[in-house]
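Colleague: Chain residues, written in single-letter form:
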Amino acid sequence: MLGYILRRILAIIPVMLIVAIFVFLLLRLTPGDPAAIIAGDMATPEQLERIREAMGLNKPLLTQFFTWMGSLLQGDLGTSLISGTPVTTMIGQRIFPTINMALLTIVIAVAIAVPMGVLAAWRHRSWVDYAVMSFSVLGFSVPVFVIGYLFILVFSISLGWLPVQGYASPSEKGIAEFLYRAILPSLTLATIYVALIARMTRASMLEVLGEDYIRTARAKGVKESRVLFRHALRNAAVPILTVIGTGFALLISGVVVTESVFNIPGIGRLTVDAILARDYPVIQAMILITSATYVVVNLIIDISYTVFDPRIRY
Amino acid sequence: MASTALVGASAAWAETTITAVMHSGLRVLDPVITTAHITRNHAYMIYDVLVAVDGTFTPQPQMADWTVSDDGLVYTFTLRDGLKFHDGSPVTMADAEASLKRWATKDSGGQIIMDKTASLTATDDKTLVWTLNEPFAPLLDTLGKQSALPPFIMPARIAATPADTAITEHVGSGPFRFVEAEFQPGVSVTYIKNEDYVPRSEPADNMAGGKVVNVDKVVWSTMPDASTAINALLGNEIDYIESVQVDLLPLLEGDPDVVYEKREPLGYQTIGRMNFKHPPFDNVKVRQAAMKALDQQAILAALVGNPDYYSICGAIFGCGTPLADATGSESLTSGGDLEAAKALLAEAGYDGTPIVLMAPTDVVALAAQPVVASQALRNAGFNVDMQPMDWQTLVTRRASQNAPADGGWNMFFTNWLVPEISSPLVSPMLNGRGDSAWFGWPDDAVVEGLKADFIAAKTLEEQQAVAKKIQAHNMEQVLYVPVGQYALPQARRATITDMLASPVPVFWNVKKAE
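Chains as they are written, first to last, in the numbering used here: chain D, 1 to 314; chain C, 1001 to 1514.
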């Protein structure tokens, strides 16, 4: 087991190296010029050229690549070409809103979706099942920004219960203020994941509920709730965990729309802003971090399989 | 550290804070390295200027008063008393000298003045003497301009930074202090009242007059989603939105606690620019044909929609400005002239060379113009290749002098604040120095000669006479196509009052009722 984990961790190195090379080359091949953003609309071609020179953008690609890699190996993600702020500072300011929102979203989604999925499987082909499945289709199909605007309209504008926008750090403003501001965006994001996880739970549970050991447990007179949550759900957990894990990774990397609608200063917006401004060091760092998140989350999922399903051994 | 302490101190009493959503996120903090409006607006918060223009575009004393020698060659500026930088050090004319010299290496107006400068020297802490080789009547107008690069005064040690390298310390002597510890690039920026600031005694007027600060704190927040900003204003979570898309105004109607209005009368001018280096627009007849094909009304209707917020205007210096003149713009302002366009194309022997028209799709204020224009050009007989792209790709590509088929271009549209094009000395499109000119690179000795005449003009009447000739020349050579003026209204809570009607949104003079 330990050897497996070590091998998986070591495998991260070549993966990240390949990602780094691809990101660097792709960005340099994309049209765009950070000097033009800095200089503004009135800059003449000569002024642009001088700024490119000062920023080192005129150096050969290979030189730029090795300079970047050299800094990266020393843990230095570089400095934003646009604002001059260290990239680590920028990511440090922006990553916690995203992580906190993602965690809250996953907690809400799991708390709602798993019981829903279990219930749908338990009452297979009843109105409960159809209701859960209809909600799932709806949750998948409605774009996240539409759900966000609907929630704002109902809970903020009409009822006035919750704020329209903004983020409060739980460490600075307290958990109550954080939840007050985070509940709407998290609910918005959770809609999709509730749909996804509920569907997966239902499918997985349906498969398990037909197994002989479930019939045996019921024949022995085990309480139905124990059959469902102890015997069935635990055996159905592996695919559900996979969905939850990849869902978390997706939340870290893909919440830009929700961040925009609710004005949350997270890394989704940071990435999009950096792409629009061709802020190479920030984009490179963000893609590396996103890739690392996926690799680590997948590793954690693989390890957690052994906890939920003792038959799995590495 | 100092900023944090100041925030702590100001939080001790009930603060008056204005939360404002600006048109863009602040990322670049150096007002000399970029012409971005948001950076200039930031600079007006924390820096001060020697000279500022009032509502009639007349230069007025701000940090300094001045005298001019009878021969117009020696300007002597005298610093007013009580001015301090935010680090506590007094402002001296040595700081002004260093700041002006750094500014003049980047600003086109500053470069012209420096070409005529014999010396620029702080003779003592309070006195700066600017000696010219030949008279330059618009010197004070250039120092007082509010776009694109106003000459902000910063400590000499910071102004010693090379002009192509961004400054890393942000210390001004203006009415607000920048709170570095709370700055998140592209997200939010916080300013607190500079308690040491000594405003002038005159009432505030445009960028001139007393900069009296009536609030403790101003927070600029960036909201990428326009609807979110509107909802936040309705929900009393923010106080002010700098620019509201006209099609979202109905959302604000009927709320007595919210006010929307034009901040100032001039607004923006939207323009089309052609590439003089490559066919077919290297031929003046083809440029004229393209201009004849365009109809301001059609473009503005698509761009803005609500006629309350746009106006037909054929003046290259902008309607409502001292130099406004509409000579030669008749077709543009009266529906276009397709027949004349077709005749000019035939006369030019246009062979169907495709026009690469760059169309940015990610900037709302620039998306409609190329779409409407491409159809108008096609109607006149042009073969138009409209290429959608993001604005970043456009600004990179427009710097390319390659042929359109090799990554170059033929035409694009952009917008300017009217003060940015209100004089031949500031308008980028009227630079006729070929490869050194603004994108499009016209090589036009006549316009350069007319600009020299403008500089030599001694009175407003003489300047207006030259400006009229420049207008006529522009419309004949089609250095650029003025496509009309429009305004983006601002919106505020009714508790926010006394905002100044200036092209730059400023937060002095403003009051916030509890």
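Please keep in mind that the hints were generated in silico from the structure rather than gathered at the bench.
Fair warning: this is a prediction, and the values are worked out from it, not measured in the lab.
Careful: at least some of the hints might be erroneous.
As the list claims (entries may be wrong) - The calculated EDC-like cross-link candidates involving lysine to aspartate or glutamate, where the alpha carbons are at most 20 Å apart (straight line), are:
1) C/LYS1101 x D/GLU46
2) D/LYS59 x C/ASP1453
3) D/LYS173 x C/GLU1015
4) C/LYS1277 x D/GLU53
5) D/LYS173 x C/ASP1164
Colleague: Determine for every hint whether it applies to the structure shown.
Modeller: Hint-by-hint comparison with the structure:
1. C/LYS1101 x D/GLU46: Between C/LYS1101 and D/GLU46 the Cα gap is close to 19 Å, so the pair holds against 20 Å.
2. D/LYS59 x C/ASP1453: 43 Å, violated
3. D/LYS173 x C/GLU1015: OK: D/LYS173 and C/GLU1015 at ~18 Å, within 20 Å.
4. C/LYS1277 x D/GLU53: With a Cα-Cα distance of about 25 Å, the restraint between C/LYS1277 and D/GLU53 is violated, given a limit of 20 Å.
5. D/LYS173 x C/ASP1164: Violated: D/LYS173 and C/ASP1164 sit about 40 Å apart, past 20 Å.
In summary, the structure is inconsistent with hints 2, 4, 5 from the numbered list given earlier, while agreeing with the others.
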